[in-house]
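Chemist: One-letter residues, chain by chain:
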Amino acid sequence: MLKATITADIFRDTVDALSALVTECRLHFSETEVWARAVDTANVAMIILSLKKEAFSQYEATTGEIGLDIAKLKNTYSMMGKASDIRLEHPDGANKIEVTFEGYHYSITLLDSNTIKKDPNAPGIQLPGQVTISGSELNNVIKSAAIVSDKIWFAIDPDNKEFVLYAEGDSDNIKRSFSAGEVIACNWQQAKSLFSIDYLKDMGKVMSHAEKVTIDLGADHPIKFSFEIAGGNGQVEYLLAPRIEAD
Amino acid sequence: MLFLNFAELCSRLEKISGRLDTIALLSETICSLSEEDLPHFCRLILGKPFPEWSGQKLGVGPNLLYEAVAYVTGKKRDEIIDRLSRVGDAGAAVEDLLSQKSQTSFFTVELSLSDIMAALLEISVTEGGRSQKEKVRVIQRLLSNASPLEGHYITAILLEDFRIGIGDGNLREAIARAFSVNPDLVEYANQVRNDMGEVALLAKQGETALQSVRLVPFHPVRMMLARQGTISGVLESGNPVAVEYKYDGARFQFHKQNGRCRMYSRRLEEVTAAMPDVVTLLNDALPDDIIVDGEVIAVRDGRPLPFQTVLRRFRRKHNVAEAADAITMLPNLFDILYLDGRMLIDLPFHIRREKLCKVAGNFVTPQLVSDNESEIEAYYHAALDAGHEGVMLKLQDSRYTPGVRGKDWVKIKPEADTLDLVVTGAEWGEGKRAHVFGSFLLSVRDEEKLIPISRVATGFSDEQLAWLHDTLQDDILRKDGKMVYFEPRLVFEVGYSEIQKSPNYEGGYALRFPRFIELREDKDIKEANTTEDVTDRYIQTHKVQNES
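First to last, the sequence lines map onto chains A and B. Note that full-length UniProt numbering gives residue 51 to position 51 of the first sequence, counting from 1, and the numbers run on in steps of one. Note that full-length UniProt numbering gives residue 305 to position 305 of the second sequence, counting from 1, and the numbers run on in steps of one.
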């Protein structure tokens with residue numbers, strides 16, 4: 001059972017964070033939080049998302065899970081004002097979720113959660129490098145890199161104290177170096193990996209709203225982006241597997 | 001069974017050249033399969049995930065596949081298309097691409113044969129506005145978990161381009177050997193059930209199970225086919241034969257049970273909705289619980305119209321009622337396969353005919369029974385005069401053998417200077433035809449391969465060229481200058497004046513003055529003419545010329 005009220009902004013941010021990677025997922029809820037863990041169809045990108053009960057203006061739930069069709073949830077956006085309060089209701093055993101706001105009442109059929117890909121385990125990997133920068137700057141670099149290439153290097157250069165994003169295209173390339181003064185924090189541990197911009201573009205749009213994004217990075221290892229949503233009452237982690245180029 | 005084992009088996013089978021070795025390996029594998037895997041295996045090894053009668057289709061074109069491969073490998077679409085054009089075979093190209101994929105993933109899941117089947121089923125039932133996206137998603141899921149070799153055969157299955165040299169014949173022998181049953185019984189059961197998957201399960205139960213197969217309404221069987229021949233040849237036995245008009249129409253099978261009717265085309269696609277007028281006629285005329293075989297012809301002022309007129313109706317999905325008013329469609333019934341809970345295909349033809357006449361009255365094809373050559377010839381000329389294609393000669397004591405092109409039915413028609421050829425490529429046109437294809441590359445079948453034999457540039461209307469241009473877009477495999485090459489799907493009937501020896505085409509023959517006659521939408525590429533047919537015709541004509 002889930003009965004909760006949430007502002008339109010947080011509702012949208014949460015759904016958008018999921019839809020950057022998946023079209024459907026399993027949403028779990030307990031007395032204290034809702035969470036989801038999902039992987040894209042190619043097992044390349046993963047999202048781990050949680051919202052504490054404090055993110056809601058009203059929250060009441062017993063432990064359960066539902067299968068969400070994310071495109072259908074997004075259909076509710078069009079009629080949703082910025083400051084609307086969104087009422088979500090899922091009685092135990094029902095195969096629908098009721099979304100109510102400003103006189104609108106959407107009754108959305110749920111997916112059979114047995115047909116949705118299993119929740120992935122978060123890979124147990126140690127990533128030595130860690131850097132924190134602003135979400136909007138991160139998104140800007142990803143957007144500009146997308147113009148010249150389909151892949152981008154993320155690197156921490158401890159010698160020059162630089163965090164470097166570098167995209168090499170067929171004829172042009174783009175490099176953005178963040179000096180120690182430009183990053184919010186960095187542990188200056190050596191790290192360098194290559195990633196697909198296709199995946200990063202959708203994640204970047206979501207991360208652009210975050211004041212700060214913490215990036216965990218290794219050498220030819222996955223990357224992890226962590227940031228807050230819902231004014232600190234929610235947490236999102238994106239994990240992306242690297243590209244390994246044969247030389 | 002793991003799909004990887006299946007893929008490895010396919011790869012081994014492709015390399016075996018001897019028929020006996022192929023059958024031995026196949027039967028050994030079949031023996032080892034579980035009840036669940038056995039039917040899936042037998043269908044997939046023939047490259048057909050679903051029973052032929054079920055009408056289920058995947059509907060995956062090369063473009064969907066490119067999209068999924070690009071996503072999984074982290075390569076650009078252009079790179080994918082480029083690789084494909086260099087490798088030539090889509091399966092081999094995908095294998096190649098997957099082995100060099102630069103995008104890593106968090107984990108992969110081992111694919112089993114039933115995982116693959118579940119995914120294929122998901123693809124086939126997906127419909128509506130988001131169906132293309134959904135299909136791509138399923139293919140992405142499969143390919144991201146697939147090894148390169150698995151990717152090879154997944155691709156071949158998805159594109160319905162699965163060619164590892166296993167046909168019904170080899171599979172039949174392998175099933176028979178695996179379960180120690182008579183191959184003829186396996187063949188018989190497959191004729192009736194039209195699904196090697198189900199037949200394999202029956203074979204596992206034993207010969208009694210194979211013998212007791214029955215026809216069921218709404219489970220269509222393949223049409224019995226005829227060979228080309230001569231009147232004198234058929235009369236050699238000395239027995240009278242049944243002579244019927246050979247109609248220039250579209251073959252169909254009509255099923256009725258509990259007041260529900262369905263009509264199937266020669267390729268066993270359901271055409272009930274496209275032919276409401278014919279269905280109503282037959283529903284009114286026929287008793288319940290029946291399966292009949294016939295040909296529908298288009299008639300205006302009592303004379304048959306060309307075959308395309310009928311096919312246009314078969315194809316139609318919209319404005320069916322309007323189309324039904326414009327032309328009269330007339331069903332002609334010539335066989336009955338099932339009546340009142342009884343399967344009739346094992347009865348002699350003349351008995352089936354009696355039963356058909358009793359229940360179908362007006363719609364039964366006229367018939368002459370004779371052993372007199374000149375009488376039959378006169379009947380043949382009367383058929384031609386009435387606008388029909390020729391006549392069919394049928395042995396009076398013959399069974400109905402679904403899918404078999406045997407000696408029991410013989411077609412007599414004017415010397416055909418046409419071939420059914422597979423469209424494998426096209427060249428962009430010039431001038432007035434600048435935005436459509438101006439000529440098409442046509443190929444004959446040579447066992448599993450397709451060998452170019454001719455190009456055809458004449459005989460098309462502007463509408464046909466525009467339509468072909470649109471419908472072929474999704475089939476484009478690769479481009480090379482002004483040439484494009486297609487995933488083989490369409491069959492053209494092409495007329496010609498002569499078959500010549502030619503160094504210009506791989507098969508060693510070329511057609512003189514080829515012209516497009518019609519699109520044979522009722523034919524599958526497996527029904528196109530073969531190199532053997534072409535060689536036979538070449539030898540025939542040159543023999544005649546030498547004799548004269």
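In case anyone wonders, no lab produced these hints; they're calculated from the structure. For glycine and all other residues, C-beta sits at the position ideal for the given N, C-alpha and C. Treat the hints with care, since some could be wrong.
Once the Cα atoms are required to be at most 16 Å apart in a straight line, the calculated EDC-like pairs of lysine to aspartate or glutamate come out as [stated by the list, open to error]:
#1 B:K75 - A:D150
#2 B:K526 - B:E447
#3 B:K133 - A:D150
Coverage of chain A stretches by chain B, computed from C-beta distances (three or more under 8 Å per stretch; other residues unrestricted) [as the list claims (entries may be wrong)]:
#4 34-43
#5 51-62
Chemist: Taking the hints in turn, state whether each one holds.
Modeler: Quick rundown of the hints versus the structure:
no. : hint            : in the structure
1   : B:K75 - A:D150  : holds, 9 Å
2   : B:K526 - B:E447 : holds, 10 Å
3   : B:K133 - A:D150 : violated, 21 Å
4   : 34-43           : holds (count 4)
5   : 51-62           : violated (count 0)
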